[in-house]
Structure formats: structure tokens, C-alpha cells
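Student: Sequence:
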Amino acid sequence: MGAEEDGATTMKSWAQAQRLSGAQLSSDGSSLTLEGTSLTASNAYDIAYESKTCRYTLASIFLQILDPNQALMAYRGACKKYGVKDPVKALDKPTVVGYFLGGQPQSQSQLESQEVPA
Numbered sequence: 006m007g008a009e010e011d012g013a014t015t016m017k018s019w020a021q022a023q024r025l026s027g028a029q030l031s032s033d034g035s036s037l038t039l040e041g042t043s044l045t046a047s048n049a050y051d052i053a054y055e056s057k058t059c060r061y062t063l064a065s066i067f068l069q070i071l072d073p074n075q076a077l078m079a080y081r082g083a084c085k086k087y088g089v090k091d092p093v094k095a096l097d098k099p100t101v102v103g104y105f106l107g108g109q110p111q112s113q114s115q116l117e118s119q120e121v122p123a
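Under our numbering, the first residue of the sequence shown carries the number 6, and numbering increases by one thereafter.
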């Protein structure tokens with residue numbers, strides 16, 4: 006496994022273990038740390054899910070999958086705060102979320118339709 010694959014693979018394992026909320030992104034967006042493991046967040050990775058491939062930095066991916074249901078403006082604001090220059094495009098979001106979390110985020114209307122009446 007090459008060094009480029011390690012960061013994406015590690016973050017995918019964190020995401021699938023639901024440990025992303027414990028990770029810390031440095032204020033300049035250059036490193037991502039969880040429980041003593043530090044990744045270079047400025048490295049870009051090719052992400053392939055289903056029939057689509059895209060390329061983003063680990064920082065951009067982390068901010069997207071940390072809360073996959075966040076509004077676009079909130080995500081872009083977080084990217085600006087951490088100096089992320091390659092925010093995930095709306096058309097690539099299902100690819101990124103699918104690869105790391107195993108599916109697409111639910112829309113608010115889908116969440117509401119699944120609520121059980123009291």
C-alpha cells in the first residue's frame with residue numbers, strides 16, 4: 006500500500022468506526038490528528054465510488070464527511086476557516102460520502118418522512 010493510499014484508508018476506517026468527531030484539523034488545514042495518529046491533510050487523494058472518481062485533499066474530505074448533511078454554505082465556511090482551497094463540489098459529494106461512509110447522506114425531507122409519530 007503506497008503512502009498516498011494510507012491517509013484515505015485511515016480516514017475511511019475512522020469514518021466507518023464513527024470516530025471522526027474526535028479528530029482535530031489543524032487551524033491551517035495541514036494536518037488531521039486522531040488518538041496520536043497524524044495525517045497530512047493537505048495531500049490529495051483519488052476517490053473512486055461506483056462509477057465516478059474525483060480528487061480532493063484530506064482536509065476537504067474531512068470537513069465534508071464530518072457532517073455530510075450540513076448546508077453547502079456551512080461547509081464552504083468551514084473550508085474558508087481552515088484554508089481549504091479545494092472544497093468538494095456538489096456533484097462529487099455523493100462519491101466522497103459514499104466512499105467514506107458507505108452511502109449518500111439523507112436529505113432533511115427523507116429524515117422527516119422516517120420519523121415515527123408520537
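Heads up, a few of these hints could be off.
With a cut-off of at most 20 Å between alpha-carbon atoms, the simulated DMTMM-like pairs for lysine to aspartate or glutamate come out as follows [said to hold, decoys possible]: (1) K85 x E40; (2) K98 x D72; (3) K57 x E40; (4) K90 x D33; (5) K90 x E55; (6) K86 x D11.
What follows is a list of derived Cβ distance ranges for each label pair [what the hints assert, rightly or not]: (7) Q29 x N74: 30 to 38 Å; (8) S31 x D11: 17 to 25 Å; (9) T42 x A76: 23 to 31 Å; (10) A49 x P99: 17 to 25 Å.
It should be emphasised that the hints constitute simulated quantities derived from the structure, not laboratory data. For clarity, every value in this text was computed on a predicted model and none was experimentally measured. Beta carbons are placed, not taken as given, at the ideal position from N, Cα and C, and that holds for glycine.
Student: For each hint, tell me whether it holds in the structure or not.
Tutor: Going down the list of hints, with the structure as the test:
1. K85 x E40: Given pair K85, E40 is violated - Cα atoms ~25 Å apart, limit 20 Å.
2. K98 x D72: Roughly 12 Å separates the two Cα atoms, so the pair holds.
3. K57 x E40: Violated: K57 and E40 sit about 32 Å apart, past 20 Å.
4. K90 x D33: 11 Å, holds
5. K90 x E55: 26 Å, violated
6. K86 x D11: 26 Å, violated
7. Q29 x N74: 30 to 38 Å: Taking Cβ atoms as reference, Q29 and N74 lie about 21 Å apart, which means the hint is violated.
8. S31 x D11: 17 to 25 Å: With a Cβ separation near 18 Å, S31 and D11 satisfy 17 to 25 Å, so the hint holds.
9. T42 x A76: 23 to 31 Å: The hint (23 to 31 Å, Cβ to Cβ) holds, given that T42 and A76 are roughly 30 Å apart.
10. A49 x P99: 17 to 25 Å: 19 Å, holds
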